[in-house]
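Protein sequences, first through last, are from chains A and B.
Residues in the first sequence are numbered from 1 upward in steps of one, following full-length UniProt numbering.
Residues in the second sequence are numbered from 1 upward in steps of one, following full-length UniProt numbering.
Worth double-checking, as some hints may not be accurate.
Think about it this way: if two alpha-carbon atoms lie no more than 27 Å apart in a straight line, the pair counts; the simulated DSS-like pairs of lysine-lysine are [stated by the list, open to error]: (1) Lys222(A) to Lys252(B); (2) Lys183(A) to Lys172(A); (3) Lys222(B) to Lys222(A); (4) Lys172(A) to Lys252(B); (5) Lys172(A) to Lys222(B); (6) Lys172(A) to Lys198(A); (7) Lys198(A) to Lys222(A); (8) Lys252(B) to Lys222(B); (9) Lys219(B) to Lys252(B); (10) Lys222(A) to Lys183(A); (11) Lys174(A) to Lys99(B).
From chain A, some residues computed to sit far from chain B (all C-beta separations above 10 Å) [stated by the list, open to error]: (12) Asp38; (13) Ser88; (14) Ala207; (15) Asp224.
In short, the hints are calculated from the structure, not lab data.
Remember, it's a predicted structure, so these values are computed and weren't measured experimentally.
C-beta: ideal position from N, C-alpha, C; glycine also.
Listed below, chain by chain, are the residues.
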Amino acid sequence: MAALTTTVADLSQQSVRDLNSALHQASSGTSWSVTHPDGAHNLAVGLTAALDVVIDGPAGYYCAGMNQRATVTVHGNVGPGVAENMMSGTVRVRGSASQSAGATAHGGLLVIEGNASARCGISMKGVDIVVGGNVGHMSAFMGQSGRLVVCGDAGDALGDSLYEARLYVQGKVKSLGADCVEKEMRDEHLAELAELLKSADRDDDPAGFRRYGSARELYHFKVDNSSSY
Amino acid sequence: MCGIAGLQVRDPSLEPRLGELLTGMLHQAAERGPDSAGVALYGDARLTPPGHSAVSLLAPGDASASEIAARIGGDTAAVTVSQSTVVHSPTLAVADLEKAVRAAFPQAVITGRGTGLAVLKGVGHPDVLAEEFDLRAATGRQGIAHTRMATESAVTPEGAHPFSVDENVCLVHNGSFANHATIRRELRAEGIEFDSENDSEVGARFVAAQLAAGHDLEKALKLLCERFDGFYTLLVTTGDTFAVVRDAIACKPAVVAETDAWVAMASEYRYFAHLPGIESARVFEPEPEEVYTWQR
């Protein structure tokens, strides 16, 4: 069996554009190591092949944005918009994430081992997000589909104007947003939560979480409110 | 959009490197604000000898530094750097030096006043201005840098940040205040004068008014949160205090990094990448409407 080879991209020697261009041309199954990222923006954006990319240090804005099929691991913190609009694949952040992590993402798995700040999972459309620490205010705002698991606490206005995403929080919720309510944790929810935690390599007990979702009161215009317009 | 970078040195052995570290931070911030830039330096002996009162102004006309000092008189000396001049005196109180500068140059815009404080700012690319400031050679205990992408008012030297409108206090802002015109009118009605049409200057004047009313910096910034509408990440320094506050939505970026040797704040993490010990720094994002302060 041939030895696994990893292509090293040293960002102290080459540009982000060179890196992304090489990743766009790479074949599925290849491994990449990105060194000296130093918080650069737009790393490993728009990947479409099943690559394994390891970023050895902190990344800036939009890391692994629009990801399809690739596995991207960041050994450090990431800036705003990590894995935004991800379609599939896995993005794992070993540190913490800035605001809008996983924004509008349609699929795949985003794991943030540390904290995520404001608007984590804003307008999520099918992605699964597992956060090891806390999430900031307005997380899952207008979430339409997918699951958000928070092993720590959630900030203000969790799940504001939520459509159908399911939210699981182990710690405290500072406040719920408009139309977001706590819901019964049934067996199927415990089962899917256990699966999500396992996929994120976490050993938290699903029984310690609470479930939140949409009360579905904002779906339709209420004629009683017509005088307000 | 604007870029903010600030560094407060805790380990005195880093003071000779303040300018070098701040230059690297300013360079990274240039993309967020390519139209103008400014820095405030506390304790840079090149510009303000230790213990001297100092007043910074936008260079008035073609007068040389020695002509400027001669016109102000007394024991003042002056240093002209790029578009700014720093006047200092070993004996005059800061307020008296400011009066003397105003008397000699009634049309000049005073951009900073304090003990050992120099404010340099101007229009141009931040990297070019950093060269003109010879920022790399600066020393000191605290420095802030700002790069501006103007949204609310014209690109002018007096519209560049930092805004230092009160003794030893400097403010830089990323964002836009929505109700700045209303608050400017109110402050003008109280007799407060403005140097620009810049919304951030209104924030600085408001903070100065709260400090003058007897509030401490933390309270002044809390009152700003109550009164101002809009988007803001603010960094405010006094030479021995370093304060950060963000609006309730917190959409303007802010990252803080801290080690035993320094505390730094930036719009983006990458501004920190070259700071010594960043690998083991405590890095976090300030919470909305929470005032963070660090004392030296």
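Worksheet entry | Contradicted hints - numbers only | Failing hints, ascending: 1, 3, 7, 11 and 12.
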